[in-house]
Amino acid sequence: MRITQGTFSFLPDLDDAQVARQVDYCLGRGWALGIEYTDDPHPRNTYWEMFGPPMFDLRDAAGIMAELARCRAAWPRHYIRLTAFDSSAGTESIVLAFIVNRPAVEPGFRLLRHEVAGRTVRYSIESYAVHARPEGARYPGHGEMTD
Amino acid sequence: MEADGVNQVKDASRRYAAGVLKYAQMGYWAPDYVPRETDVLAVFRITPQDGVDAVEAAAAVAGESSTATWTVVWTDRLTACETYRAKAYRVDPVPHIPGQYFCWIAYDLALFEEGSIANVAASIIGNVFSFKPLKAARLEDMRFPVAYVKTFPGPPTGIVVERERMDKFGRPLLGATTKPKLGLSGRNYGRVVYEGLKGGLDFMKDDENINSQPFMHWRDRFLFVMEAVNRASAASGEVKGHYLNVTAGTMEEMIRRAEFARELGSIVVMVDLVVGWTAIQSMSYWCRQHDMVLHMHRAGHGTYTRQKNHGVSFRVIAKWLRLCGVDHLHAGTAVGKLEGDPMTVQGFYNICRDSQTEVDLPRGLFFDQDWGGLRKVMPVASGGIHAGQMHQLLDLFGDDVVLQFGGGTIGHPQGIQAGATANRVALEAMVLARNEGRDIREEGPDILRAAARWCAPLQAALDTWGEISFNYTPTDTSDFTPTATAS
Amino acid sequence: MQIDDLPRQETANPFAAALLDTGIAQLLDQLDRELVGLAPVKRRIRDIAALLLVDRLRAEHGLHGGAPSLHMCFTGNPGTGKTTVALRMADILHRLGHVRKGHLVAVTRDDLVGQYIGHTAPRTREVLKKAMGGVLFIDEAYYLYRPENERDYGQEAIEILLQVMENGRDDLVVILAGYKDRMDTFFASNPGMSSRIAHHIDFPDYGVDELASIAGLMLAQMDYRFDDEAARVFLDYLGRRRAQAHFANARSVRNALDRARLRHASRLLQDPAACADADWLATIRAPDLLASRVFAPEEAPCCKP
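Protein chains in written order, with our numbering: chain A, 1 to 147; chain B, 1001 to 1487; chain C, 2001 to 2305.
Derived from the structure by calculation, the hints contain no laboratory data.
By construction, the Cβ of each residue, glycine as well, lies at the ideal position given by its N, Cα and C atoms.
Please note: incorrect hints may appear among the correct ones.
So the derived label-pair ranges between C-beta atoms look like this [unchecked claim]:
1) C/2162 - B/1414: 55 to 63 Å
2) B/1463 - C/2013: 53 to 61 Å
3) C/2147 - A/56: 32 to 40 Å
4) A/133 - C/2116: 32 to 40 Å
5) A/93 - C/2254: 45 to 53 Å
6) A/56 - B/1217: 50 to 58 Å
7) B/1359 - C/2262: 49 to 57 Å
8) B/1122 - A/88: 37 to 45 Å
9) A/76 - C/2147: 37 to 45 Å
10) C/2013 - A/76: 49 to 57 Å
Working from the sequences, and respecting the hints, build out all of it.
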């Protein structure tokens, strides 16, 4: 399957030129950019790992694209996203977040149904990749066997 | 009384002698009054009966929405009546419409109960509109002082927190109302919800008249809908929701339904405007305590908001609802099947989303309104819109809006999921292009066609609906544009 | 033949027209007006502008020569205009499309080098990220290289800079600056750095007449003037001060003028004949300058004038 989190997930994966244009859009509006990665794509997993602190005061996309390349080299089998922060009054939150790297295979989520009184069901979602596997060992590389 | 018609009678013995005075003489017309920071202000559009003087009519509106009655009463003198009298301080003729006037009225803060929109409504519109000397009257806009704004908690969630909870940033949210409006069984209803969410929408929606009817009891709807929501969430990895309508006959029943929605794990509930201001405020506080988003459907507003000369403008309703505390509010599409000219609709959106709304006469905003840090309401555009209009919608409304495509999703020739996917792809492609600096107003159709080349559902949507538009002359337009209408 | 020699009619020469169109001609003229002297510097800047302009026109005809390296080294004493010219250079490069954003980030060694292991690389990268799309100006760059201290992390910063100067030529222009002799030593020990610098530009000390012109510009900006005698005395002052140690060119002129203002103000308060009219308030006279220690009989040359 394909996780559709992030602003542009229904479009084909963005190439570097497209990512750089989005970065320029953010810089032009004075937003700080952060790079985050994770191998736990649960929709309620808010805090992905930060690849360095958010970058403030940059004028050009080249610096961020270089950092992104380093993150991809370091964590090729993780989800990586670019997050833009707007500090202006009334917002003070994230204003753009999109995925720029995915594992080669995304097995998806399992829906757990816990039946209680009446017809009520308590739901929870579990990632097949995460299920019983520790961080860093969840997504296979090319040609690796999964057990 | 031989005093002239307009000037306030200052001599107490004459002012309070029994008999009838003109309202302007009673002190309700105060042209030199400078509104205070703490006053509540209102602007009415009045059409006095033939032969009724505009200033007197304005003073009458001020009087009848505060302390006056049709004859002088001695008991006034037991009070600090100067404070409690509303003051009409300005009257202007409406441009291009003879016989109509704007009048500005100031109300002292002491007239209002803190944290009660029911009180505001009862005070301002409770009495005046049936008044015979007026042919017609419309409450156009109000200004609430920060002192009064601060007595309301406001929207329980707000745009920023809603996005943080859903983990969705940088684009409008997408929704659809289940169709047909009535008649589906619970299980079939849930199927429509699953298909729409799975295909790519963020929300699905109960319609305003789905409460609990013989063809589907509310509990069965909630159970099947939440199964659909969770299935779609697992299938996509996204946070999804369905506005479960908790409108009911009594407040207690509404709370009961909301509790069940919460128990089942819904992130959002919905109420209809017809439940009334008091019920809305109660639901708002409940939602904050239980971390739920409150979706407001403005059912019934058209009866009094649509005609330019009589009623209450929707911008006032929007202000009241932001104070009551709603998170989503249907505010118009401008290009869809329901009433709303683009400038006026943008005015409603400003009221929902600004930290400080500014005077903007072409958009119908008569006052600066400082929202005192109150959270922002997410406007909802719903009614006859489709993917082929995505560039217009994004250009008109920006990112902080929920775009609802009911027919535009469920009526798709390849099925509901395809309909949802078409809308989501159209939206993301348009946002991408806009961020890159392209002029989506001009190039929108090209951007859609380019995306349709690799997205068959979008191509089918454009083929089916590409030509549909709803172009009737709007009935409620601003008076302050180069070509004003006289409807 | 140089750009300034080309005929200035509107119709004849397409290059001159293109120079006008990009706004470069105005910038270069502004440079001419606001910076005194610096003839070799201005000539080199005009040459670079010509190169980039021609390059752009070639590209429009499908002739691609590859982006030229424009990393530079400015050498000269303090106060000779190195930082000012670097700022103008950033603007010119931006107008010619050679850098994308045209901002200037000015740093010294301390902004690039860390105090402990692992500190340097992120610091240098932070600075580089901020400078991307513009110009990085490193003042007294030779302090990066401290071979006598084995725990010094400057070498790491140098490595990173070398890499960016080579691979990131589209993203960044680097300008090093400092004293000529120390820069020469630095390049001798760091041939990699030397080979990446395309333009070595020397900023010679100003002559007395040039310093006097600079003083004239500064006075005009401050709404002061010299009377005739003061102007003559000032030339004398410049000649003497220039010969002394720690002369910082334009900066020393600015300091001298500030001290003259001080004495001018004191004189007005003490002179019984003084009037509060524009003439008295704005005119610096010879006594205000003669009070300087530069005119005192010979003492230890390092005393502050």
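Going down the list of hints, with the structure as the test:
no.	hint	verdict
1	C/2162 - B/1414: 55 to 63 Å	holds (57 Å)
2	B/1463 - C/2013: 53 to 61 Å	holds (56 Å)
3	C/2147 - A/56: 32 to 40 Å	holds (35 Å)
4	A/133 - C/2116: 32 to 40 Å	holds (37 Å)
5	A/93 - C/2254: 45 to 53 Å	holds (48 Å)
6	A/56 - B/1217: 50 to 58 Å	holds (55 Å)
7	B/1359 - C/2262: 49 to 57 Å	holds (53 Å)
8	B/1122 - A/88: 37 to 45 Å	holds (38 Å)
9	A/76 - C/2147: 37 to 45 Å	holds (39 Å)
10	C/2013 - A/76: 49 to 57 Å	holds (55 Å)
Violation of the numbered hints given earlier is absent; every hint is satisfied by the structure.
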